[in-house]
Every structure is written in structure tokens, then in C-alpha cells.
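With the hints as constraints, model all of the structure from the sequences given.
Here the protein sequences line up with chains A and B, keeping their order.
For the first sequence, my numbering puts the final residue at 266, and the numbers step up evenly by one.
For the second sequence, my numbering puts the final residue at 1203, and the numbers step up evenly by one.
Hint data in this document are derived by calculation from the structure and do not stem from the laboratory.
Hints should not be assumed to be uniformly reliable.
[Claimed, not checked] Heads up, incomplete: computed chain B residues facing chain A, CB under 8 angstroms, no partners named:
1. 1080
2. 1179
3. 1196
Computed from a prediction, not measured in an experiment: that's the story for all the values here.
Note that beta-carbon positions come from the ideal geometry of N, C-alpha and C, so glycine has one too.
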Amino acid sequence: MHRICFQILMMGFCLVICSPAFSEPSNERVDNSNRLLAASQIDPFQDENLDFLDEEEEADTATPRVADPLENWNRAMFEFNDRFYFWVLEPVSQGYRNVVPEMARIGIKNFFHNLGGPIRIVNCFLQGEMESTANEMARFVYNTTFGVLGFGDPAKNNPDLNPPQEDMGQTLAVYGIGDGFFVIWPFLGPSTLRDTAGMFADGFMDPLYHLDDTAASVGVKTVDIVNSTSFRIGDYESLKSSAIEPYQAFKNVYIQYRTKRINEQH
Amino acid sequence: MSISRIATVLLMTMTVLWAVPVFAESPMASLKKPVEEITKILQNSKMLTADEKQAQRDKIFEITRKTFDFVEMSKRSLARNWKSFTPQQRKDFSEVFADHLNNTYMDKVQNEYQDETVEFLSEEKLSEDKALVKSIIKRRTITVPVDYSVLLSDNVWRVYDVNIEGVSLIKNYRTQFDEILVKETPEQLIERLRKKTEITGIN
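Put into C-alpha cells, the structure is as follows:
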């Protein structure tokens, strides 16, 4: 008799535990544990719970919407840059990589990165990031001297000397200026109205801009671009082949990446 | 049988039932193992014939299927569009999207990044069933931060989003699918993905 009582009790208990109908929606804990226990019984293809969208809105992690009034122009430029990459930039960079030893390419990459030091220093300063400003300055001095004009990167392994990289587009964003709209420039690639303004402002601070000879400064810039592309051959290709709608994919990558850079904690 | 004995048994049963989620592996451990397995499989992937490559792929797919929650990834990429898909379409989409993700991932690891190493840095519990696992991929000249969002279901932590240098894979696909589904039906999108997986199947 006792045994039967016990069995009935146990069965009742199991039913209570297993049946989602007994859980109170208002009680989060009960709700949650039932979901965990019964997860395998719910058909995921019937599940229409889209709460994650609200969570993203709340956490402000949804991708910001950026207007695209120039979409026709942008799509044409996207095509243009795509062809430029496959017909010119990629083959040239590949040939360059085959000829120039990796050591030299790393040195050149370091040199150009160091040359951009003053731009990053100014932007850290304008954003009120005094610690980063000091660190960028220290890095610049250190790599220019001990790194022999920046060809070496002895600051590489010191996290303090590698603060997040700031540019004028980010500075303007910190000042509260929105993206404006999305735009793709020939050769230069994706940008926004704000980031384009920032790019021009940074350009004035670029030592290359102040070379007397235009041909020389274009030549030096070309070396910079080909050299840095030589480290990333295959990245553009794989990003493109992973995309179903490449234009939207690249636009979104740009917006997400910039948003992260702007919000980065210092 | 006394009441106290019944109570004891009940209590024990309850403890066992409630304690089940506690036995799940840590989020980081449940990623480390498959990554190590995949690295092992990939170690001798130079100069493989097409058949051998396919065999290698199949082996790795088996692991990724357990590590990634492809249904959750599909749902999150389709977002509001999920509701306009029938359950059958949702299933078809999830399958073909999983194939697509596997293919693109495989193209990367099989062809190019032989000299990459993965380092797991930290894990952060966001809620009872969500966590973030941070890692870096080290290439010879650069390091790329990669964060995995993982979800606990059926007592296993599985990946539902990958964030590379601040770019969420799922949010990226979401904008693409949003754009496509303005003009096309769910069937057409599924067909488009199917065609793409056929083209990029092996190269």
C-alpha cells in the first residue's frame, strides 16, 4: 500500500517537473529550468521566440542603420573596386610578395604605420584620451629611435604602447557627429560622409601629402598599399565568397567595424 | 515506509534533477576540444587529392555540427523573416545555411591558414544559458580577436554567433537576408543558398 502511494507520488512529482504547463510564465526560474529540461522536446522549427532582437536593442548592440541614398553609385563603385582588386591590386601584391622577402615587407609595414603616429596622437588628444595620447607619443619616439625610423617595432610586445588606433572619423563621432550616409569611393573603398571628412583632415597631417612632388607621393602611397595588401591576400576573396549579397555584406562589415572602433574602451 | 523516507527520496530526486545543468562542461572547454580535434585533422592537409579533401571535410562537419547551433544561427540571421518561413522552410534553410557556413569555413582553414594558431583567452557568463568565449587567432604577422557567443541547450554549450574584430557574423548575414527577402520569397533564398553551396563545394 505504502509502495503504491509512493509510486503515485513519484509519478505526480515527475509530471510536475516535466510538464511545461505547470510552470508559471511570471516565474523566471521555473520557466528557465523547464526550458532546459524540455529543450529536446520543443521543435526548434516551431519556435517563434525572437526575444534576442529586443535584447540587442536594449544592449545597444544592434547594427546602426546608415542611410544609403547613393546606392546606385555605390554599387557601381563596389563593382569597380572589385575589378580593380582582381585585375590589378591582387596580382601586383602577389607578385610583390613573391619577390620581396617577408622581413623587408614587415619592415615597410612598420615604417608606414609609424609614419601615421602623429595623426593618431592628435586624434587621441582631440578625443580627450590623455593616457592613450601619451602612450602613442611614447610609441612614436621609441619606434623612431630604437626601431630605426620605425622599420622595427620594438614597442610591439608592450600592451601599453599599443592603444586603440584613433582617426579623425572616430574623433568626429566622439564629438557627436553621425555617419551621415554610406558612400564607396573608387580605389579608397567604403566610407561614410563623416569618415570621408575625417579622412581628408587626417590626410593634411600625413607627411606624404606634404611631399613637393605629386608623382613621388603617389608612388610612395602605392608602395604602402601594395605592401599592406601583400599580408592580406585571400581575405577579400574569402569574405566575398562567404557573402550571399556581397554589397550588403561589405557595407555591414564596414559599419560594424567602425562602430566597434568608435565605442572601443580605452 | 515512513513519511521522512519518502521525503528523503523526493529530496534526492529533486537534487539530481535540478543539478543536471551544473554538470555541463564550461563554455570554453566545450569549444577547446572541438577546435583541437579539428586542428589535428587538418595537420596533414597539404597536397591532398580532391577525394581526400572531401573526406577531411566530412570528418570536420561532424564536429562542427555538434559545436555550432545552426538552427539558432539560422533563426537569428533571419530575425523577423523567420516568422514568414513555414516550419519546413525553416528546416530546409537551416540545413543549407549550415552547409554554406561549413563550406566557407573549410575553404579558409583547408586552403590558406595552415600556420594559424588559436588561443582561448577567457569566458564570461552572460546569463544562465548564455556566455561569451574570447579567443585570438595568431597569424605570423597579425592577431585577430574572435569572440564566440554560446548558448546552453540540452546541457551542451553551442556557438550561435562568431564575432571577428567587432563584426558579428550573424548580424552581417541578417542585413543580407533582409535585403534579399524584400524582393524574393523564402523558397528563392533557399534555392540561392543551395546553388552557392554546390559551386563552392570543393575547390
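Holds or violated: is the Cβ of residue 1179 of chain B closer than 8 angstroms to a Cβ in chain A?
Status holds, d = 5 angstroms.
Does residue 1196 of chain B hold up as a contact with chain A if the rule is Cβ-Cβ below 8 angstroms?
7 angstroms, holds
Hint validity - residue 1080 of chain B Cβ closer than 8 angstroms to any chain A Cβ:
Nearest chain A Cβ about 7 angstroms off; hint holds.
When held up to the earlier numbered hints, the structure conflicts with none and fits them all.
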